[in-house]
Amino acid sequence: MSPATPTEREHLNQLLIRTGRKDEKAFAELYQRTSSKLFGVCLRMLRNRSEADEVLQETYTTVWRRAASFDDAKAGAITWLTAIARNKSIDRLRQHREEPLEDPYLIDSMGGDQTTPAAEAESSHEYRRLEKCLDALEPQQRNSVREAFFTGATYNELAKRCQVPLGTMKSWIRRSLMQLRICLDQ
Amino acid sequence: MNATADDGGDDLRYAEYVLGVLDADGRARVAHEVQTIDEAAIAVAVWQQRLMPLAERVEELAPPPYVWARILDALHLGTPAPLKRQGLWENLPLWHWLGVGASVIAAALLVVLFLPNRTPPPAAGHLDYMVSTMQQDNGVTGWTATMDLQHARMVVVPATPVAMAEGRAPELWLIPAGQKPISVGVIDRDKPTTIALDPAMLARLGPTASLAVTAEPLGGSPSGQPTGAVIAKGAISGAPPAGAPGHQVARVYVRDPGAGPV
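Chains as they are written, first to last, in the working numbering: chain A, 6 to 191; chain B, 260 to 521.
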């Protein structure tokens with residue numbers, strides 16, 4: 006599911022709107038079309054299958070309950086859904102561990118993204134714009150932002166992983182966020 | 260660019276929230292603001308728009324099928340399964356069909372499930388299914404339970420609708436040998452109930468455990484332990500491995516008692 010085309014996006018929006026009206030069929034199709042994506046997001050952050058199972062379940066029960074508040078004028082369905090999955094995953098990470106269970110992997114070895122030419126061609130306008138703005142950042146800062154986004158790590162954890170003082174990490178990320186805001190709002 | 264770390268204020272905090280770098284307290288504070296302050300909700304939504312596209316490239320992976328079963332269960336929904344399914348357990352029309360004529364057809368299903376048991380059951384741990392026939396004191400089968408270990412699901416089919424006092428509902432219990440009953444959930448008395456089994460529950464299923472149904476207040480026992488009388492009970496045994504689920508489905512139809520004497 007890579008809702009790159011406007012038609013696909015609109016279809017997902019409609020499914021989510023219908024889910025908000027308690028349309029079970031729409032909810033089932035929404036799950037079918039988006040659960041692999043959201044499971045990938047949960048798994049990437051939690052790095053643990055059974056936790057990802059649980060968080061995905063929490064995500065979609067929340068989707069069912071909150072879908073009525075979805076407003077397609079404010080956000081696309083996939084953004085709305087991904088935000089819920091990430092929030093649930095991050096909350097789970099905070100609940101029981103400040104440090105990840107697995108060995109932290111180095112920022113320089115960030116992987117797991119599909120960077121094939123095909124993926125490139127399928128990516129949305131929004132994705133390409135964001136990538137362009139990320140590319141304008143210093144490499145270390147760009148990598149910190151990506152690591153933070155994909156692992157849900159706190160400032161403390163990021164600083165340890167990168168072996169830099171906490172203040173340095175905070176300033177890297179904060180400066181990056183402000184630069185991204187300027188770049189993306191242009 | 261001249262952006263500095265200090266010029267963001269609240270908006271920076273909302274960005275940090277969306278990116279995911281805040282600690283638990285910081286997150287709780289922003290989550291509360293999103294609920295109570297319009298500006299916070301808008302700012303967070305805008306940051307989500309800005310940053311969520313990054314997730315586009317995350318590798319997709321199909322979740323295990325029991326997740327959907329658990330979602331439906333948690334929300335008390337009966338939506339048909341959205342995923343392409345195969346085999347007896349995935350055959351929802353079959354289960355719906357079973358629900359229509361449960362009283363007679365459950366018996367047919369039981370026959371099917373027990374038929375190959377003339378051969379020794381496979382060693383525990385290699386079972387795909389387990390079954391239990393829960394009988395009432397008078398020897399009449401009240402419910403049959405079939406447990407799909409692979410997909411962590413149990414389907415409980417009423418064989419004979421059991422009379423219940425007003426304001427009471429049947430609740431199913433798993434009783435591991437020598438241990439306290441564990442609530443599996445409230446079940447229907449007149450149609451099949453599908454229940455997702457959590458890993459702790461799965462681990463306790465086995466030939467030394469049994470199932471029992473008690474009459475409890477609507478919504479289930481308030482104490483977490485049975486409070487009412489046992490109305491049906493049965494041991495758990497291994498069902499034949501699902502080597503040929505299609506074959507089994509065919510047999511269910513063949514042995515439909517409506518079509519002739521069993």
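Just so you know, these hints were derived from the structure itself, not from any lab.
Bear in mind the structure is a predicted one, so any value in this text is a computation, not a measurement.
Hints may contain errors.
Heads up, incomplete: computed chain A residues facing chain B, CB under 10 angstroms, no partners named [to be verified]: (1) Arg-49; (2) Asn-53; (3) Asp-77; (4) Ile-95; (5) Lys-165; (6) Cys-167; (7) Pro-170.
Even for Gly, the Cβ is constructed at its ideal location relative to N, Cα and C.
Okay, the hints, checked on the actual structure:
A distance limit of 10 angstroms between C-beta atoms decides the matter here; for Arg-49/A the minimum to chain B is near 5 angstroms, and the interface restraint holds. With its C-beta approaching chain B no nearer than about 13 angstroms, Asn-53/A sits outside the 10 angstroms limit, and its interface hint is violated. For Asp-77/A, the interface hint is violated, since its Cβ never comes within 10 angstroms of a Cβ in chain B; the closest pair sits about 12 angstroms apart. A least Cβ separation of about 5 angstroms between Ile-95/A and chain B falls short of the 10 angstroms threshold, and the interface hint therefore holds.
Restraint check, Lys-165/A versus chain B: the minimum CB separation of about 13 angstroms is more than 10 angstroms; hint violated. The criterion of a C-beta within 10 angstroms of any C-beta in chain B is not met by Cys-167/A, whose closest approach is roughly 13 angstroms, and the hint is violated. Taking 10 angstroms as the C-beta cut-off, the interface hint given for Pro-170/A is violated, the closest approach to chain B being about 14 angstroms.
Checked against the numbered hints above, the structure breaks hints 2, 3, 5, 6 and 7 and satisfies the rest.
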